[in-house]
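The primary structure of each chain is shown beneath.
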Amino acid sequence: MTEPVAISNLVCAACDRPLEMGKVEATYLGQRFPVELPRCPNCGFVYISEELALGRMLKVEQALEDK
Amino acid sequence: MTGFPMERPGPVDVGTGAGCSLPPCGEGLGWGVSPHENSAPFTPSPTLPHQGGGGLSAPRTQRSHEEHMPSAGSLFGCGRMRDGDGGPLRPGGLALTEELVALAGFAPGDLVADVGCGLGATTDLLRARNIRAVGVDVDLDALAGSETPFVAADAVLLPFADASLDGLIAECVLSTLADPARALAEWRRVLKPGGRLASSDVYSRATGGGRLATREEFCRRLIDAGFRVESFEDRSDVLKRFVAEFIFACGSLDALGVRSAALSRNRPGYALIVALKS
Chain A
1 MTEPVAISNL
11 VCAACDRPLE
21 MGKVEATYLG
31 QRFPVELPRC
41 PNCGFVYISE
51 ELALGRMLKV
61 EQALEDK
Chain B
1 MTGFPMERPG
11 PVDVGTGAGC
21 SLPPCGEGLG
31 WGVSPHENSA
41 PFTPSPTLPH
51 QGGGGLSAPR
61 TQRSHEEHMP
71 SAGSLFGCGR
81 MRDGDGGPLR
91 PGGLALTEEL
101 VALAGFAPGD
111 LVADVGCGLG
121 ATTDLLRARN
131 IRAVGVDVDL
141 DALAGSETPF
151 VAADAVLLPF
161 ADASLDGLIA
171 ECVLSTLADP
181 ARALAEWRRV
191 LKPGGRLASS
201 DVYSRATGGG
211 RLATREEFCR
221 RLIDAGFRVE
231 SFEDRSDVLK
241 RFVAEFIFAC
251 GSLDALGVRS
261 AALSRNRPGY
271 ALIVALKS
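In the order they appear, the protein sequences are chains A and B.
In terms of our numbering, the first sequence opens at residue 1 and continues consecutively.
In terms of our numbering, the second sequence opens at residue 1 and continues consecutively.
Next comes chain A alone, as it looks inside the complex (with noise of 0.2 angstroms):
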């Protein structure tokens, strides 16, 4: 796994603006939920960074996975 990178590191391609941490919805299997995660101020594109995806998000997947 790469290492994880520092929000002040991370700039919208798009806008060209820094990321900052804002609030968004998250949803998996139709449930809706808070979260903060790095997110564009401008056009509002969210960063997932690997570590989050293969440590948060996945443990969210196999605890919702219905066996």
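Treat the hints with caution; some may be incorrect.
Unchecked claim - Label-pair distances were calculated between CB atoms; the ranges are:
| # | chain 1 | residue 1 | chain 2 | residue 2 | range |
| --- | --- | --- | --- | --- | --- |
| 1 | A | I7 | B | A161 | 20 to 28 angstroms |
| 2 | A | P18 | B | S231 | 46 to 54 angstroms |
| 3 | B | S146 | A | C43 | 41 to 49 angstroms |
| 4 | B | A102 | A | D16 | 47 to 55 angstroms |
| 5 | A | L29 | B | R228 | 30 to 38 angstroms |
| 6 | B | A95 | A | D16 | 51 to 59 angstroms |
| 7 | B | L140 | A | I7 | 35 to 43 angstroms |
| 8 | B | E98 | A | P18 | 34 to 42 angstroms |
| 9 | B | S231 | A | R17 | 50 to 58 angstroms |
| 10 | A | C15 | B | S146 | 43 to 51 angstroms |
| 11 | A | N9 | B | S146 | 43 to 51 angstroms |
| 12 | A | L58 | B | D224 | 38 to 46 angstroms |
| 13 | A | A14 | B | P149 | 53 to 61 angstroms |
| 14 | A | E65 | B | D224 | 27 to 35 angstroms |
Stated by the list, open to error - Counterexamples of contact, computed for chain B against chain A with all Cβ distances above 10 angstroms:
| # | residue |
| --- | --- |
| 15 | L96 |
| 16 | E98 |
| 17 | R129 |
| 18 | L140 |
| 19 | A153 |
| 20 | A178 |
| 21 | G194 |
| 22 | D224 |
| 23 | G226 |
| 24 | E230 |
| 25 | F232 |
| 26 | I247 |
| 27 | G251 |
| 28 | L253 |
The hints are simulated quantities; they were obtained by calculation from the structure and are not laboratory data.
Where is the CB? At the ideal position from N, CA and C, for every residue including glycine.
Fit chain B to the supplied structure of chain A, relying on the hints for placement.
Chain B in isolation, oriented as in the chain A frame:
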């Protein structure tokens, strides 16, 4: 590194690159994100650590006995922790409490005990509706300094006279107790004939054999204790959201003593239950 260019959104590519972006209102392979401005993300208060689990927190009084302590491995939060909005840390939060209160039909003037009241959010909600609610919790510190009326007591040793209450509400309590049958007997004792027990709790949607009671076992316990089950409303949707929020906020369910394997085995669900003292 001076910057990390974000690409225009494609499908969510979980784990194949250094990172990925999600469209602001779209969905990828199961996941999606969108702007959210209305409620605070789930952030359990670090100033209120409490690892006891369950609606009744770790006993600090001489009245509590080891066998009545909340068991580890409960899926839900505990009374002394709050979510990002300041509400109680449990599936569904106060919104589900309002549904439960409506389902129970508590009326203004009713005397209702909120067993496992934690910080008293439900007690306050009931009192705001002119219901004479009293919080009950073993944790003397939980409501210290609060104006919420409460008594420090164990769920199986309530300081109320026989047939004195119109209702009893217990959120995330029964499944944490080592002896739920004893608690139900005690709750029946303090309720008036026809008095209502309103409970929200986890149950197992598996075929049984785990620590969690199945719906049938849950209802059987109530019936055996002298209650008539009026309603058993599945609200497992809030449990899923709670699990997802908790993992995002805390990294795992470890703080609740839950492992993914246990989730898979027990297939936990969540329900609103109303039962009458028959």
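Comparing the hints with the structure gives:
| no. | hint | in the structure |
| --- | --- | --- |
| 1 | A:I7 to B:A161: 20 to 28 angstroms | violated (58 angstroms) |
| 2 | A:P18 to B:S231: 46 to 54 angstroms | holds (52 angstroms) |
| 3 | B:S146 to A:C43: 41 to 49 angstroms | holds (45 angstroms) |
| 4 | B:A102 to A:D16: 47 to 55 angstroms | holds (51 angstroms) |
| 5 | A:L29 to B:R228: 30 to 38 angstroms | holds (35 angstroms) |
| 6 | B:A95 to A:D16: 51 to 59 angstroms | violated (40 angstroms) |
| 7 | B:L140 to A:I7: 35 to 43 angstroms | holds (42 angstroms) |
| 8 | B:E98 to A:P18: 34 to 42 angstroms | holds (41 angstroms) |
| 9 | B:S231 to A:R17: 50 to 58 angstroms | holds (51 angstroms) |
| 10 | A:C15 to B:S146: 43 to 51 angstroms | holds (47 angstroms) |
| 11 | A:N9 to B:S146: 43 to 51 angstroms | holds (45 angstroms) |
| 12 | A:L58 to B:D224: 38 to 46 angstroms | holds (42 angstroms) |
| 13 | A:A14 to B:P149: 53 to 61 angstroms | holds (56 angstroms) |
| 14 | A:E65 to B:D224: 27 to 35 angstroms | holds (34 angstroms) |
| 15 | L96 | holds (14 angstroms) |
| 16 | E98 | holds (19 angstroms) |
| 17 | R129 | holds (27 angstroms) |
| 18 | L140 | holds (33 angstroms) |
| 19 | A153 | holds (34 angstroms) |
| 20 | A178 | holds (25 angstroms) |
| 21 | G194 | holds (38 angstroms) |
| 22 | D224 | holds (30 angstroms) |
| 23 | G226 | holds (35 angstroms) |
| 24 | E230 | holds (28 angstroms) |
| 25 | F232 | holds (20 angstroms) |
| 26 | I247 | violated (5 angstroms) |
| 27 | G251 | violated (6 angstroms) |
| 28 | L253 | violated (7 angstroms) |
In the structure shown, a violation is registered for the earlier hints numbered 1, 6, 26, 27, 28, in ascending order.
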